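Asker: Sequence:
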Amino acid sequence: MLAAELAGRARLLVSPGGPRVMVAGLGNYGLWGTRHSTGMAVLDRLARQLAVAEGWRVDRRCCSDIALAAAHGLELVLLKPRRLMNLNGLSVASAAEIYSLRPEDIYLVHDDLDKALGEVAIKLGGSARGHNGVRSCISALHSNEMTRLRVGIGRPEGEVTVSSYVLAPFSAEEQERLKQVLAQAATCLLEHIQQRRALAGEQGDRG
Numbered sequence: 001m002l003a004a005e006l007a008g009r010a011r012l013l014v015s016p017g018g019p020r021v022m023v024a025g026l027g028n029y030g031l032w033g034t035r036h037s038t039g040m041a042v043l044d045r046l047a048r049q050l051a052v053a054e055g056w057r058v059d060r061r062c063c064s065d066i067a068l069a070a071a072h073g074l075e076l077v078l079l080k081p082r083r084l085m086n087l088n089g090l091s092v093a094s095a096a097e098i099y100s101l102r103p104e105d106i107y108l109v110h111d112d113l114d115k116a117l118g119e120v121a122i123k124l125g126g127s128a129r130g131h132n133g134v135r136s137c138i139s140a141l142h143s144n145e146m147t148r149l150r151v152g153i154g155r156p157e158g159e160v161t162v163s164s165y166v167l168a169p170f171s172a173e174e175q176e177r178l179k180q181v182l183a184q185a186a187t188c189l190l191e192h193i194q195q196r197r198a199l200a201g202e203q204g205d206r207g
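My numbering applies: residue 1 is where the sequence shown begins, and numbers increase by one.
The set of hints was computed from the structure by calculation and includes no laboratory data. Given the structure is predicted, the values throughout are model-derived calculations rather than measurements. Be a bit skeptical, because a hint or two may be false.
[As the list claims (entries may be wrong)] Simulated restraints on C-beta separations:
1. Ala200 / Ser139: 25 to 33 angstroms
2. Arg129 / His192: 17 to 25 angstroms
3. Leu199 / Ala121: 31 to 39 angstroms
4. His72 / Glu157: 34 to 42 angstroms
Each residue gets a CB set at the ideal place from its N, CA and C atoms; glycine is no exception.
With the hints as constraints, model all of the structure from the sequences given.
Answerer: Below, the structure is given as structure tokens:
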């Protein structure tokens, strides 16, 4: 009941046409629990944290699951593309047009081989660094200015190929840590959004 009340309040706080940010969780839709769909797992955790976990709906215009939330005076468009990773950008670009968002208003949440499980970092734009989902978004949006939240999954050991590794589920040991990692990632994202919002307010005051 409390979650429903909070979700209702969150929707009331959303001002139509007001400041808006999109958070896109990249992954292979339907392949839940795999390393390559970590970005979507973060979005599920974020939706629970913002009390909109029951608010996901299918938006066929952008072939995505969408949930709306509010935080720090902003409307948040939470998005999970209903496509495979290398086509995620088509959904993100369509949603950006629907919700009138610029590339710099978009966060991409994705797995990162170069960081160990438990490491989370913000990256401000730049190249895809070999990530097919990010590459797809850069291509579809014709921009690399999207902020990324990189969630470490580590690299495979031994003779395991990268493709097999990222498409496999987390090990039992990793799953024990995953809840904490997802919570850490969601908090990191919200803190960065808050900092950006505060900085924009300061710049507006000086202007």
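Asker: If a hint holds in the structure, say so; if it does not, say that too.
Answerer: So, going through the hints one by one against the coordinates:
no., hint, in the structure
1, Ala200 / Ser139: 25 to 33 angstroms, "holds, 28 angstroms"
2, Arg129 / His192: 17 to 25 angstroms, "holds, 19 angstroms"
3, Leu199 / Ala121: 31 to 39 angstroms, "violated, 19 angstroms"
4, His72 / Glu157: 34 to 42 angstroms, "holds, 40 angstroms"
Checked against the numbered hints given earlier, this structure breaks only hint 3.
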